[in-house]
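Asks: Going down the list, the protein sequences come from chains B and F.
Note that the first sequence ends on residue 505 in our numbering; no numbers are left out.
Note that the second sequence ends on residue 1121 in our numbering; no numbers are left out.
Hints listed in this document are in silico derivations from the structure and should not be mistaken for laboratory results.
Built from N, CA and C at the ideal position, the CB exists for glycine as well.
Any given hint could turn out to be false.
Which bits of chain B does chain F cover? Going by a derived footprint, with three or more residues having C-beta under 8 Å, they are [unchecked claim]:
1) 96-103
2) 149-159
A few chain B residues facing chain F, derived, Cβ under 8 Å [as the list claims (entries may be wrong)]:
3) R106
4) S108
5) C110
6) P111
7) R139
8) W495
Capping the alpha-carbon separation at 25 Å, the derived lysine to any residue pairs in SDA-like fashion look like this [unchecked claim]:
9) K497(B) to Q1061(F)
10) K1080(F) to E482(B)
11) K481(B) to E1070(F)
12) K1080(F) to G243(B)
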Amino acid sequence: MTSALGLDRIQIIPFDNETRPPKARAIVRRPARVSARMEATVASSAEIHGLLKSPLDLATLVDAVPMGLALLDEDRRVVLFNRALEALTGFDRELVRGVPCRDVLRSSFCPQSCPALEAARSHQAAVRKGDIINRDRRRIPIRLTSLALRDAAGKPVGFLETVEDYSQRLRLGEGLEPAFGVELMIGRSPKMEELFRMIPVIAQTDSSVLITGETGTGKDLLAEALHRLSGRAREPFIKVNCGALPETLLESELFGHKKGAFTGAVADKPGRLRLAHGGSLYLTEIGDLPLPLQVKLLTFLDDRVVYPLGDTRGYAADVRIIAATNHQLEEMVREGRFRADLLFRLNVVRLHLAPLRERAGDAALLLSHFLARFSSRFQKKIRGFSDEARERLLVYAYPGNVRELRNIVEYAVNVCQEPVIGLEHLPVYLTEAGAKKDAPLSTGSTALLNPESEANGPVRWTEIEKRLIVNALIRAGGRRKEAADLLGWGRSTLWRKMKQYGLDS
Amino acid sequence: MVDKVLITIREEDVAPRFDLATEVLIVTLGTRGEVREQKTMVLPHASPEDLCQQILTEEVQTVICGGIEEEFHQYLTWKKRRVLDSVMGPWERALDRYRQGGLQAGAILYERVGTGYETDR
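Assemble the whole structure, with the sequences as input and the hints as a guide.
Replies: What follows is the structure in structure tokens.
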């Protein structure tokens, strides 16, 4: 396969007509005296000659493809990954070179039916839908297409795989294209209508955006909508939770590092900012960004150059920054916990998401919307809410905002075995607490206390705390992370206390 | 102290996904890292919940696996189990590396001659 001059010829034969001679023949030029086993090493620095006037750099070419793309060798080991697939899987392409693709993609269909094997057997593209678990331990729905690359004799010499992130399509497929709203956000209150008018305009600019709003108001959805409606929609949208990682890890995650920069830095890592090149970087919980990193982010916003840890070289990155927080950043600036200059740079465009209690009429719309969504998902034929249930749901204060409303409807649809959701199908805390509009609205722990239980006379703190945890868990639909957020606790605190009160079984 | 290790396996390798694993290896290691007991269990079906339960029932201290969802990772960590995830490569090599005290999450243990990664990491 390798000539004395180090020139290889790779023929791409159309899978629909093998007998037809290929129209184009690409010559991949590699350094001379490179052994066949070294192919993978040079693949990322290979050039394609003979297609256009000037040689094309293969890595640049595959990086320009806006969907995940992998080139595998005949043993289905990774030869080349493009940037989109790196962003999707979270794996550094340099590090996973030579690793079987099943270990890197980790798709749900790999164990049963390998699409590459099918493509090799059938002489046709093999398509699979399923999910992957990426390096961040996130399950992502995907659609994968595998094509066998063959030599002149028709023998498979490698595979080309494209991987599409299907999460957005799945959500749209659930009938979520809203009549009143933008992308996946819905509402018809004056505050939301004003916001929806602004979104397409703001999306078209490259200015940094700061999204503010209470927990559960849809900050993530808004950030995604801004990206999808922008000219960067086909480029990566990368989310980083500034509160989820310790400072040192977060720095490496955001800005990348050079091999050997610190113990354990076994390879170069590009960092999320560079991975988001051409697209948008969404920094959620920006208020939790440590002060030293605030300075580094500030520098990036000024000159748009990323300096990885331990690297003296800078890398230009064309990235739009979208940040979100539920904290009062101005207050944090006064307390010296957030840099004023960073706030000014992020605050170029500020979008505020109103809490549900200020969105007149939206609760009813959202109730119908989520009822239709969950009825369809759980294959139930539920027509609507009874008058009492609807009334109770409409007067409730929703301190957890849209997320809490969604969880309540999800719970009710799960529990309800009748055509209409009644009071008895709602979570107990709604029917017991006599939830009213004037209920405490803070998202802190006190909002979760049941006012009636407090009125029953003195009770032990342990009882109150236990009740508080149960209420938070119900509101969060059983999701411990969200329950911990509602309580204003760390996840480990919640788990420790759940164990203490025997709520962990 | 005795250490009980569970490795999710698929043929000769660490299974790429925790939730799809149908075979596990449970190894009891002695104080000096020697193998005291080793057994393979074939699970009736792939279920991450059942596997978590199995880990608790068997009083496993360390789990070596491939990709695992955050939910199960957090659960096992909360239950004070050490989880070394995203391990790629032959399970025997993973076990050897663990016994030597050098296995980390994200370790790639395949031999990759000619890729610039001749040594595993």
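Asks: Enumerate the violated hints, using their earlier numbering and listing them in ascending order.
Replies: Of the numbered hints given earlier, the structure breaks just one, which is hint 2.
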